[in-house]
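Asker: As a plain string of letters, each chain reads:
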Amino acid sequence: MFTEIIKGLGTTIKHMFEEPITIQYPEERKPVAKRFKGRHELKRYDNGLEKCIGCALCAAACPADAIFVQASENTDEQRFSPGERHASVYEINMLRCIFCGYCEDACPTQAIVLEHDYELAFFDRQSAIYTKKELLVPVPDGGKPTPQQVAPGSFNWSIPPMQDAE
Amino acid sequence: MANEITIKIDGNAVTVPAGTIVVDAAKRIGNDVPVFCYHPKMEPVGMCRVCLVEMGMPRVDRETRQPVLKADGTPEIDWMPKLVTGCTERVRPGMEIRTNSEKVKTARQEILEFLLTSHPLDCPICDKGGECPLQNLTIQHGPGNSRFLVNEKFHLDKHVPLGDLIYLDRERCIQCARCIRFQEDLADDPVLGFDERGRATQIVTFSEPGFDSYFSGNTTDICPVGALTTADFRFGARAWEMQNSASICNACPVGCNTHLNTRRDGLSGNFAIKRVMPRQNEQVNELWICDKGRFGHHFATSPDRLSVPQIRKKGQLVQATWDEALSLIAEKMQAAGSSIAGIAGERLANEDLFTFRKLIEGQGGKIAAFPGEMAGGDWVQQVGIAAGSNLSELGGDSVIVVVANDLEESAPIWWMRVHQAVEKKGATLDKSKASLIVLNARPTKAEGSANYAIHYAYGEETATVQALLRAAQGNSVENETLTAAGKAIANAKNLVVFLGNEGLDYADSAALAQACANLLIETGHVGKPNNGLIAVWNKGNTQGAWDMGLRPLAGTTANFVGKSKFIWTAAADPIGDKQTLPEDTFLVVSELFETATSRRADVVLPVQSFAEREGTYTSGERRVQRFYPAVPARGESRPDWLIFSHVQVRVGQIDKAPVSTSVVFSQMSKEISLYNGLNYRALAQTQEQFPQIMGEDKYYGGTAFENSAGLGVQVRTSADLGQKPASRSVSSRSAIDGLTAVLTQKLYDRGTLLMRSYLLHPRLALPVAHLHAETAAMLGVADGEDVQVQVAGQKGKYTVCVSEDTPQNVVLLPNSVGALNFVGAQPAEVVKIAETVGA
Ligand code: SF4
Ligand code: SF4
Ligand code: SF4
Ligand code: SF4
Ligand code: FES
Chain A
170 MFTEIIKGLG
180 TTIKHMFEEP
190 ITIQYPEERK
200 PVAKRFKGRH
210 ELKRYDNGLE
220 KCIGCALCAA
230 ACPADAIFVQ
240 ASENTDEQRF
250 SPGERHASVY
260 EINMLRCIFC
270 GYCEDACPTQ
280 AIVLEHDYEL
290 AFFDRQSAIY
300 TKKELLVPVP
310 DGGKPTPQQV
320 APGSFNWSIP
330 PMQDAE
Chain B
18 MANEITIKID
28 GNAVTVPAGT
38 IVVDAAKRIG
48 NDVPVFCYHP
58 KMEPVGMCRV
68 CLVEMGMPRV
78 DRETRQPVLK
88 ADGTPEIDWM
98 PKLVTGCTER
108 VRPGMEIRTN
118 SEKVKTARQE
128 ILEFLLTSHP
138 LDCPICDKGG
148 ECPLQNLTIQ
158 HGPGNSRFLV
168 NEKFHLDKHV
178 PLGDLIYLDR
188 ERCIQCARCI
198 RFQEDLADDP
208 VLGFDERGRA
218 TQIVTFSEPG
228 FDSYFSGNTT
238 DICPVGALTT
248 ADFRFGARAW
258 EMQNSASICN
268 ACPVGCNTHL
278 NTRRDGLSGN
288 FAIKRVMPRQ
298 NEQVNELWIC
308 DKGRFGHHFA
318 TSPDRLSVPQ
328 IRKKGQLVQA
338 TWDEALSLIA
348 EKMQAAGSSI
358 AGIAGERLAN
368 EDLFTFRKLI
378 EGQGGKIAAF
388 PGEMAGGDWV
398 QQVGIAAGSN
408 LSELGGDSVI
418 VVVANDLEES
428 APIWWMRVHQ
438 AVEKKGATLD
448 KSKASLIVLN
458 ARPTKAEGSA
468 NYAIHYAYGE
478 ETATVQALLR
488 AAQGNSVENE
498 TLTAAGKAIA
508 NAKNLVVFLG
518 NEGLDYADSA
528 ALAQACANLL
538 IETGHVGKPN
548 NGLIAVWNKG
558 NTQGAWDMGL
568 RPLAGTTANF
578 VGKSKFIWTA
588 AADPIGDKQT
598 LPEDTFLVVS
608 ELFETATSRR
618 ADVVLPVQSF
628 AEREGTYTSG
638 ERRVQRFYPA
648 VPARGESRPD
658 WLIFSHVQVR
668 VGQIDKAPVS
678 TSVVFSQMSK
688 EISLYNGLNY
698 RALAQTQEQF
708 PQIMGEDKYY
718 GGTAFENSAG
728 LGVQVRTSAD
738 LGQKPASRSV
748 SSRSAIDGLT
758 AVLTQKLYDR
768 GTLLMRSYLL
778 HPRLALPVAH
788 LHAETAAMLG
798 VADGEDVQVQ
808 VAGQKGKYTV
818 CVSEDTPQNV
828 VLLPNSVGAL
838 NFVGAQPAEV
848 VKIAETVGA
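Taken in order, these protein sequences are the chains called A and B. With the numbering used here applied, the first sequence closes on residue 335, and no number is skipped along the way. With the numbering used here applied, the second sequence closes on residue 856, and no number is skipped along the way.
Source of the hints: derived by calculation from the structure; they are not laboratory data. Do not take every clue at face value.
In silico contact screen, one side only, chain B against chain A (beta carbon under 7 angstroms); selected entries [stated by the list, open to error]:
{"id": "1", "residue": "Ile142"}
{"id": "2", "residue": "Phe252"}
{"id": "3", "residue": "Ala256"}
{"id": "4", "residue": "Gly381"}
{"id": "5", "residue": "Lys383"}
Below, in silico cross-link-like pairs of lysine-lysine (DSSO-like), each with a Cα-Cα straight-line distance of 30 angstroms or less [unchecked claim]:
{"id": "6", "chain 1": "B", "residue 1": "Lys741", "chain 2": "B", "residue 2": "Lys763"}
{"id": "7", "chain 1": "B", "residue 1": "Lys812", "chain 2": "B", "residue 2": "Lys580"}
{"id": "8", "chain 1": "A", "residue 1": "Lys302", "chain 2": "B", "residue 2": "Lys812"}
{"id": "9", "chain 1": "B", "residue 1": "Lys175", "chain 2": "A", "residue 2": "Lys301"}
{"id": "10", "chain 1": "B", "residue 1": "Lys812", "chain 2": "A", "residue 2": "Lys313"}
{"id": "11", "chain 1": "B", "residue 1": "Lys510", "chain 2": "B", "residue 2": "Lys441"}
{"id": "12", "chain 1": "B", "residue 1": "Lys510", "chain 2": "B", "residue 2": "Lys349"}
{"id": "13", "chain 1": "B", "residue 1": "Lys291", "chain 2": "B", "residue 2": "Lys814"}
{"id": "14", "chain 1": "B", "residue 1": "Lys291", "chain 2": "B", "residue 2": "Lys175"}
{"id": "15", "chain 1": "B", "residue 1": "Lys582", "chain 2": "B", "residue 2": "Lys673"}
{"id": "16", "chain 1": "B", "residue 1": "Lys510", "chain 2": "A", "residue 2": "Lys301"}
{"id": "17", "chain 1": "A", "residue 1": "Lys199", "chain 2": "A", "residue 2": "Lys313"}
Keep in mind that this is a model prediction, so the values were computed, not measured. From the three backbone atoms N, C-alpha and C, an ideal C-beta is built for every residue, glycine too.
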């Protein structure tokens, strides 16, 4: 019996001198894996136009029915994306999302990408619904914000050819 | 049957009527040959060639003219060296078809590969994506890969408006000509055509305004690709995202079966009707709806709908609770004793009308249908088109009479079906044409297809129909055309009469209905299918109002209500329609929108639109049909019948309100003898319809056409039940002297409901006064001038349009468009605006 107590204490003492693995979150953070699937971002082209064409294929692919897309038509005066159509409403319910990344696979323009943000906590359900405002990435340097006014006929592809795909 | 032919398709025998197309024959045994340009409702043209099949005929010995038999006794088949298009080939005795050989499969693949060289492949943003025959057939039959380079695709304009309602995407078009053929053969508005040649071939419209047709929306349904889209739905939602709710169009008496496709609107958060699609009912609307039904739905989800009950306090209408409002109504109703009048709009559902009548009559009051300006509902109940009729069955042994209406403006789909019966330009095995007799004071669209067109003077409608009857009885009448038309009726097996009320007040309209009934009875065309009377009502559920036992108002509202202390108007706006209501009365209005009448009311109650509730409508052909809820109710609105029932409870007529619409219907079917035996389940019954629209071949790739919610039931007339209606003598009037004003029906009028569909605004009828050149000269007014028209004490401003089509001494005004509202043919005064200003 005595030896068992000594053995147990030994384990305790051993752990006291081990280096702790606790991380002082949020001051300290571990890098995530490169292909980690965190919160979605809606990407832009270098010129600032949105990649999303409002096709709702992400919503169709989503097994959790987390995405809502409503499309509108682009004009040369009010252009959001190349081609004819853009998402005027884009919502992802982060409480429903299971971060499977099917939406990313379904997207024909690589507009939606699951990035590395995992800090998704909410005080109410409404704020779990991310809209275009939160999802859309900032305008890159040298680009212009959307909607843009462009010369008539500069975008005549219905679905833009995939330039600068990452 | 004698005229049946047996052929073999992939070794399976199928027996079909002679004249059947090979792809249809194949379909009967579940073999879906792919098609693009072929459409079951239109004659084939063989343009796309995706339906290629191998065809063989029995070898015939030249000497003996007998089929050469193989050793095993089966006929020797000679296969054609080349493939044939299955959609243009009609079955022949002994024919054999292969639809699945390597040769056929390769040919299909190549056709699809070629079609896609000019096709943009923008399925992700295409409105047809998900219900697109080209998508479906490419997946099913296409090659996995193209030998052509995607960057060498041919590019064309993507956003070409063909008018205010339809947009063309030139590069998506596969030149199947379905849209052109639909417009030419079925809609009778040949406004589309091909322009240019080869790869640059494009669809153009050559009407002014562009794509000027009441049926244009149907081309977007039948276009096998997303080349044609509607301005209403463009990029509205993906096909698979919407919910389908079965509904009935209530905009005219045809009662087209529709689907409301709904979805949440991301901006407003409300549920929106994204589009209205036809629902197949071969006895009512086949696969079609008109553009009013398709685009005129916006009132249902309009933001300015009434949403809370209001009570007048200190002269102001203020928001109230239902409890307050209903108690006040019950109190005032009881205080009024039997001095109560109910005015029921003719677009209310049957359940509403029934309950409203119970409530009002239960208190000893009186109730009438509004506007109630056309007679004949009682005759429809007796000699209406018989149960089991189908306008598609009218052929060479049939005569159709259209009297005192402009069928295309009043009931577009009826016109389309009559046109098909008379011209037989669509796909049908029976190519014998029905005869059309059009009786009107002025030329209408229907006249273009008429075998006998007779113009009478306004006022002579009844006399003309009486003369037609005399001619049908073998007497000769003054007018040669009438004599000939009468002969046609005498020789006809079937006779259908479309009765209108253009230029008629209630009494005259009753006389005309009587004359039409006499025509049918005397010539023996009652009580058998495809015979009888159809009343072209101006509202969607007028027949329902008659059947529910309501009588039309038939005159002025002031006359009807008299000195009633309590008046309730439901879905009616008498004040807006230039009627008067007494000042010292308690006025209750249940409505969708604020109207001239509701502004005067003491209590205003918000009701639910057809899209928010269920119920039944009765079509002009007496088909009782169910509609279903599609979107959540607006605000606190309630269905009309429930409001009436709640008041019934409060005044002590019943103990508690029925729990559902179906309970009201069951009670109604017990009390209304015409509807005996009907119930919601019977109305929801469906059966297999031809063409089968939902097969694998996907004439239409989506789900909206499918009718799984019920075909309705056509109730029987008393003639159908074996009673012998007797004709009655009727007196007729003579033509009216002096300048006469007549209101003509316009499909796109400026009524409260249609005005909410902003999309249609450019197409709405304008306040135009049509005058004959001589009449205009006599009045001293010229084309394009503004005039003041004065009729029955009302004045309104109109723009003159001089047209040869207008009868002399008549001024034609569009109904529900300008300021004037009256019934019948009335004496009119027309003065130039400049003169009145000067005077
Ligand atoms: S990651 Fe998966 S669950 Fe989340 S939105 Fe995308 S498809 Fe839906
Ligand atoms: S994110 Fe991609 S898949 Fe989703 S709507 Fe936009 S373009 Fe389509
Ligand atoms: S627009 Fe559509 S229906 Fe018309 S020809 Fe082109 S593909 Fe056919
Ligand atoms: S024909 Fe009449 S019932 Fe049919 S869609 Fe048009 S307005 Fe509605
Ligand atoms: S050629 Fe037969 S369907 Fe087009």
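Asker: Next, verify each hint and record whether it holds.
Answerer: Hint check results:
Annotation: interface hint on Ile142/B holds; nearest CB of chain A at approximately 4 angstroms, less than 7 angstroms. About 4 angstroms separates the beta-carbon of Phe252/B from the nearest beta-carbon of chain A, less than 7 angstroms, and the hint is met. Of the supplied interface hints, the one on Ala256/B is violated, with its beta-carbon coming no nearer than about 10 angstroms to a beta-carbon of chain A, more than 7 angstroms. Using the Cβ-Cβ criterion of 7 angstroms, the hint placing Gly381/B at the interface with chain A is not satisfied: the shortest such distance is roughly 54 angstroms.
Contact between Lys383/B and chain A, as hinted, is not supported at the beta carbon level, the nearest pair being about 50 angstroms apart and thus beyond 7 angstroms. At roughly 37 angstroms between alpha-carbon atoms, Lys741/B and Lys763/B are farther apart than 30 angstroms, so this suggested pair is violated. Among the hinted pairs, Lys812/B with Lys580/B is consistent with the structure: their alpha-carbon atoms are about 27 angstroms apart, no more than 30 angstroms. Taken as a hint, the Lys302/A and Lys812/B pair is broken in the structure, with Cα atoms around 55 angstroms apart against an allowance of 30 angstroms.
Of the pairs offered as hints, the one joining Lys175/B and Lys301/A holds, with about 27 angstroms between alpha carbons and a cut-off of 30 angstroms not exceeded. Restraint check: the Cα-Cα separation between Lys812/B and Lys313/A comes to about 58 angstroms, which exceeds 30 angstroms; the hinted pair is violated. Restraint check: the Cα-Cα separation between Lys510/B and Lys441/B comes to about 18 angstroms, which is no more than 30 angstroms; the hinted pair holds. Restraint check for Lys510/B and Lys349/B: the C-alpha separation of about 57 angstroms exceeds 30 angstroms, so the hint is violated.
Taking the CA atoms of Lys291/B and Lys814/B, the gap is about 37 angstroms. The hint is violated against a cut of 30 angstroms. Between Lys291/B and Lys175/B the CA atoms are separated by roughly 22 angstroms; this keeps the pair inside 30 angstroms, and the hint holds. Only pairs whose Cα atoms come within 30 angstroms are accepted, and Lys582/B paired with Lys673/B is accepted, the gap being roughly 26 angstroms. For the proposed pair Lys510/B and Lys301/A, the alpha carbon gap of about 66 angstroms is over 30 angstroms, so the pair is violated.
The hinted pair formed by Lys199/A and Lys313/A fails the criterion: a straight-line CA distance of about 34 angstroms is larger than 30 angstroms.
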